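Sequences are here, hints too, so could you generate the full structure?
Numbering (our numbering), first residue to last: 1 to 506.
One or more hints might be untrue.
Below are the DSS-like pairs computed for lysine-lysine, each with C-alpha atoms no more than 30 Å apart in a straight line [what the hints assert, rightly or not]: (1) LYS41 x LYS73; (2) LYS431 x LYS12; (3) LYS96 x LYS24; (4) LYS401 x LYS12; (5) LYS71 x LYS96.
Label-pair ranges, simulated between beta-carbon atoms [as the list claims (entries may be wrong)]: (6) GLU142 x ASN343: 23 to 31 Å; (7) GLU125 x LYS441: 20 to 28 Å; (8) ASP366 x LYS147: 25 to 33 Å; (9) GLY105 x LYS132: 23 to 31 Å.
Just so you know, the hints here were simulated from the structure itself, not pulled from any lab data. What you are looking at is a predicted structure, and each value in this text was computed from that prediction instead of being measured. Beta carbons are placed, not taken as given, at the ideal position from N, Cα and C, and that holds for glycine.
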Amino acid sequence: MNKRLCWQGIDKWISEKKLARILKDNLPSIDGLLLARPPKKPYAFLEFDTEERMNTFVEAFQPEIVNKKYKFKQATDRAIGKGKSIEEILLSKPPKVTIEAQPLGPIEDKVTPYWNMQYSAQLLEKKNQVSKFYGTFLKDMEIKTKKSDTVPLQWLSEPPQVLDVKSSPATEGYRNKVEYTIGYAENREIKVGFTNGQMAAGNLRVDSPENCINISQFSKDIAVKVEECVKASGIPPVDTKTNEGVWKTVLLRTTTYTNQSMLVLTVNDNHQISKIEQALQPLSSEVDTLVLVVQKSPRQIKVLSGSGFITERLLNKTFQISPLSFFQVNTSGCEILYTEVMNSIEGELLLDICCGTGSIGICCSDKVKRIIGIEIVPEAVEDAIINAQMNNVSAEYKVGKAEDLMKDISREVEGQVITGVVDPPRNGLHKNILTALRTTKGLDNLVYVSCNPETMFKDLVQLCAPESGKKFRAPPFVPLRVQPVDMFPHTPHVECVVALKRITKL
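Written as structure tokens, this is what we have:
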């Protein structure tokens with residue numbers, strides 16, 4: 001009797017290991033089950049040691065658990081190919097050592113490389129960094145102007161200068177979000193802290209955060225307390241040399257104005273979750289809310305104590321922060337940053353593009369009559385809606401790709417003066433979003449916020465280049481103000497706010 005199934009409806013890019021994890025997470029038993037995964041195909045093959053096990057599998061597996069429309073059909077005897085057991089596929093493999101190990105310095109040199117530099121010198125260094133990429137942008141603009149058949153851009157003769165970096169109100173212990181690794185120190189002692197070394201060199205270890213001046217003493221004390229709980233549990237952390245273990249990471253969130261804290265621990269799925277929850281109980285009295293994240297498919301989030309979220313004040317607005325939501329890591333520095341954004345807002349409508357949990361739009365709500373937020377992550381929009389309601393802000397949020405939604409929105413609000421705000425990830429904006437920004441009618445004011453000046457100025461070339469051909473359709477934007485803001489003292493990172501206006505409106 002045929003004991004083989006063809007598993008259809010899977011993503012052709014999903015790995016064999018991911019499929020094996022789905023099976024293990026959602027079935028009571030995977031004993032005697034083989035999996036064969038043809039590369040880049042939307043199907044895989046399963047082979048069972050008995051017909052009874054195959055029938056039990058078909059009855060027990062519920063595709064809705066993993067939100068997929070899977071199908072299972074009979075497969076031929078030859079279809080399985082070289083199948084492997086689920087246990088074999090999930091067996092951890094140690095990383096390969098491919099480079100020579102170098103001596104490791106103190107962890108503070110890695111986490112806060114500017115820790116031994118005067119703060120005024122740090123600000124000057126960051127201004128020079130922004131100016132370097134801005135200079136490259138201006139050269140690119142001159143080249144594109146010469147290549148185009150349009151009238152030379154007048155603003156290039158006297159471009160705005162990079163302003164002095166706005167300093168952070170707090171320069172030490174400013175991080176409201178700290179992410180630790182649970183692992184092993186050099187002496188194989190269990191440690192909660194920051195990773196030092198390189199996996200490719202085989203010398204990766206976890207060092208204590210005690211000497212890192214960008215995090216608070218409370219954050220450092222929590223690392224020690226978590227360490228004690230992990231040691232007492234008898235359950236091993238993940239070992240980078242074998243890729244085996246359970247305890248993975250620690251995320252601590254704190255607030256500046258409301259004095260609240262949230263601790264989120266992440267572990268690999270295993271049969272000792274109840275023991276882990278018990279081991280974490282002493283931490284319930286240390287923070288306002290304690291959360292456990294179990295890495296499985298789908299990810300499981302369990303609130304062990306408290307509400308499962310904290311709230312913070314930002315420019316007299318209140319924001320709810322959930323375990324995995326985005327919130328700027330320097331609260332007082334963020335107020336400086338968002339004030340710069342507010343100073344550049346014009347018109348009746350604010351289009352908050354890639355809005356996340358809505359913090360920029362809500363903080364700027366007193367400057368406009370209407371806010372529309374666009375975000376591709378549904379969970380972030382749920383947080384944005386809650387935050388808008390908490391602040392009695394009338395805001396509308398749309399889930400989807402910005403490039404798909406912006407044209408429809410512009411038609412809905414035709415005749416209104418629109419200001420767009422973008423605050424993308426470090427790698428900048430997708431080319432389709434840049435095209436949409438450039439070609440959306442009515443969007444004549446734009447504020448670009450970025451933590452990576454290099455990618456930001458590359459994007460601005462696409463927004464500010466002279467109108468020509470199909471690539472640079474619609475009138476360009478002109479940079480009016482380039483304002484760096486220091487959100488990350490003692491590190492090389494810097495935020496930057498660039499205000500732009502459509503050239504036809506100058």
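Hints versus structure:
Distance hint between LYS41 and LYS73 is fulfilled; the C-alpha atoms sit about 16 Å from each other, no more than 30 Å. At roughly 25 Å between alpha-carbon atoms, LYS431 and LYS12 fall within 30 Å of each other, so this suggested pair holds. Restraint check for LYS96 and LYS24: satisfied, since their Cα atoms lie roughly 26 Å apart, inside the 30 Å limit. The straight-line distance between the Cα atoms of LYS401 and LYS12 is roughly 23 Å, inside the 30 Å bound, and the hint therefore holds.
As the CA atoms of LYS71 and LYS96 are separated by approximately 37 Å, the hinted pair breaks the 30 Å bound. Range check, GLU142 to ASN343: about 29 Å between beta-carbon atoms, so the 23 to 31 Å window is met. At about 41 Å, the beta-carbon gap between GLU125 and LYS441 misses the expected band of 20 to 28 Å. For the hinted restraint 25 to 33 Å between ASP366 and LYS147, the CB-CB distance of approximately 43 Å leaves it violated.
Take GLY105 and LYS132: their Cβ atoms lie about 26 Å apart, and the range 23 to 31 Å holds.
The structure fails to meet hints 5, 7 and 8 from the earlier list, while all remaining hints are met.
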